[in-house]
Amino acid sequence: MDRVKVFQITIYIVAAIIIARLFYWQFMANVTSSSNAFAKESKIPASRGEIYASDGFPLVTNQEAFLLYGQPNDLNSDSKTVAQKLAPFLISEKYSTSSANLGEEEQKQKDEEIKNKEESLTQKLSDKKLFWVQLARKIPVGTRAKIDDLSIKGLDFERDTKRFYPEASMAAQLLGFVGSDKFGDDTGYFGLEGYYDSKLRGQDGRLGEEKDPLGFPILVGKYRSIAPKEGNSLYLTIDRTIQYIVEKRLSEDVKKYGAKDGSVIISDPKTGNILAMATYPNYNPALFSEFTESDFKNPAVSDAYEPGSTFKVVTMSAALDLSLVDPNTRCDVCNGPRQIGDYQIETWNNKYHPNSTMTEVIQHSDNIGMTFVADKLGLDRFYDYINKFGFGSKTGIDLQGEIPGLVRTKDQWRPIDLATASFGQGIAVTPIQMVQAVQAIAGGGKLISPKIVDKIVENGKEIKVQPQSQKQVITQKTAALMTEMMVNAVAKGEAQAFAPKGYSIAGKTGTAQIPVAGHYDPTKTIASFVGFAPADNPRFVMLVRFTEPTSSVFGSETAAPTFFAIAKDIFNYLAVSPNAN
Amino acid sequence: MLPVSDFRVVKKEQNYNFIGRIRVRVLVVLTVLVVGLFFTQLVFANSLATDGQKLSKIQSEILSLQAQNMTLKVQIAEASSFQTLSKKATELGFVKPEKLIVLK
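Quick mapping for you: the protein sequence lines, in order, are chains A and B. Residues 1 to 581 (the numbering used here) make up the first sequence, in order. Residues 1 to 104 (the numbering used here) make up the second sequence, in order.
Honestly, the hints are just simulated from the structure, not real lab data. Check before you lean on any hint, since a few could be wrong.
Unchecked claim - The calculated lysine-lysine pairs, modelled on BS3-like cross-linking and capped at a C-alpha distance of 25 angstroms, are:
1. K492/A <-> K568/A
2. K94/A <-> K87/B
3. K57/B <-> K43/A
Claimed, not checked - On the chain A side, residues computed to face chain B include the following (Cβ under 7 angstroms):
4. F23
5. P58
6. K108
7. A168
In this text, a Cβ means the ideal position worked out from N, Cα and C, and glycines have one as well.
Can you build the whole structure from these sequences, using the hints too?
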């Protein structure tokens, strides 16, 4: 054989080997790929921004989750059998505790849900025309492992993420939750998730590339990529320790006082920063689908109520600021019930204090004394101060669902409305408005709009969030006088027995009857207490509010003890010693 | 001595052989080049197929590490949450101090 032939044969053999190898890679190699085969453009999901407390601890973070899909034509058993095997893993996470811990009723509900899930899965997997069918979204890592153990052919997973709440239901109404919009994309609802949704969600990236039949990228193919823009993270003003103290106490006291619900707001009067905002009952944002829309609402910003006697501090501040009264001005109409038009005004306990000073009017929470102040103010000036203190308009707090409360237009006010509004009936405010107003008294007369987010972190760059507005609504002198009157109300008022000894606390109780079908029901009240401490150098402003407490209808016997118990814990936490003021 | 006409004929034949040899060489070079490029293409394509798989593996590893990172972060947060710490403190017999003494 001559050399040319040897050369030719060698070339043919080498060519055959290379072609065979290419054929192997192209059509035979059984290599799994995470990419979608044949896909020319794929979405690179942006991870949603996280939400941190002021100590840097994540209140909301992301965890790995999976989308489970089935390929009906590839199943290794019939769809009913597969559905029966899968269903127990794909029902609500609330049943994830072992059956032994479930009550009889819960076990029944669980069985019912498994049955329904089986039916729905069987229906989906029976449709052999479908190449791909989604079976479940956002399933946790542990559940995926259990499904993997079933070794069912024709099922697969796609990587995804879901929200994780390390502190479970802490600050649930404040945080909101993440659900899906009509396109199946993650969307924030309520609270911060709703308000800052566009910032938190980031921007999905796009990857356009040419791929081989197995879905592997071809190096010399056209390749264009738009990197995903991660969502911004939020650093809150919320102090996790104070939030924990508040939530623990609130949940205990709502049960203790037999109230329908309760809420507490704590803020820093110097900055308007919200340090804690809690509502009980709350909900678990990880299982939001198990709750109703009414559970998601944050009463602190979305609930208007008649503030009752806590509003007296606003009326009195207005009169002090205009020098119409001073703390020693005596009430000359306080000797008994007062008739205004067709209505008779009485005190809350039917006790009357003739000739009492303004300080005593606040101390006794005297409704008649407040009508005296309202007469001095007149409608125009009183209305002006109501607006100045921010009632009737939103505070601008960065939470979804804030309402402006309800202050009727001036032309709708009758003489009786002026009288009742002076002690907080016939006017509807939100808890956050009440906190903002008392913040102004605690902060030397400056009204600062409250805020929750301290800074937004975008690609490592920090953007500090400033309060929306700051304005002087009463003079420093008025604020100081009002503070003294509130300190006296705590020291000598109805709730003095509950106040921690050695601390100077300014506060005011409130018991507002709830209007029901055109009249006030004396058995249904909103009991509240608003105040700040230490009085001479306030570290916090706090509002405690209970809806329809049943053990006692009065704020002095429900909201006030809760206020003082929380205040005591905060003093210890902030290292405020009893004789420091 | 050769006649003039004979000389011319010899001259022509030599010319023809020279051009022919060049043409053959060009053809050989081109053939070698084409065959060479063909095999280079095959080798290169083969290498790309392998690299594509490697790239895919690296991408999978990145995703896997990111997922592990996420899981670890979640575990840390879960273990250090107040809910967990409070539960553990209770189990270990810690109680809230009844009376605090303030040192001046």
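Outcome of the hint check:
1. Distance hint between K492/A and K568/A is fulfilled; the C-alpha atoms sit about 19 angstroms from each other, no more than 25 angstroms.
2. This hinted pair checks out: K94/A and K87/B have alpha carbons roughly 20 angstroms apart, not beyond 25 angstroms.
3. Restraint check for K57/B and K43/A: satisfied, since their Cα atoms lie roughly 19 angstroms apart, inside the 25 angstroms limit.
4. Of the supplied interface hints, the one on F23/A is violated, with its beta-carbon coming no nearer than about 10 angstroms to a beta-carbon of chain B, more than 7 angstroms.
5. A distance limit of 7 angstroms between C-beta atoms decides the matter here; for P58/A the minimum to chain B is near 5 angstroms, and the interface restraint holds.
6. For the restraint placing K108/A at the interface with chain B, the shortest Cβ-Cβ distance is roughly 29 angstroms, beyond the 7 angstroms limit, so the hint is violated.
7. A least Cβ separation of about 6 angstroms between A168/A and chain B falls short of the 7 angstroms threshold, and the interface hint therefore holds.
In terms of the numbered hints stated before, the structure departs from hints 4 and 6, listed from lowest to highest.
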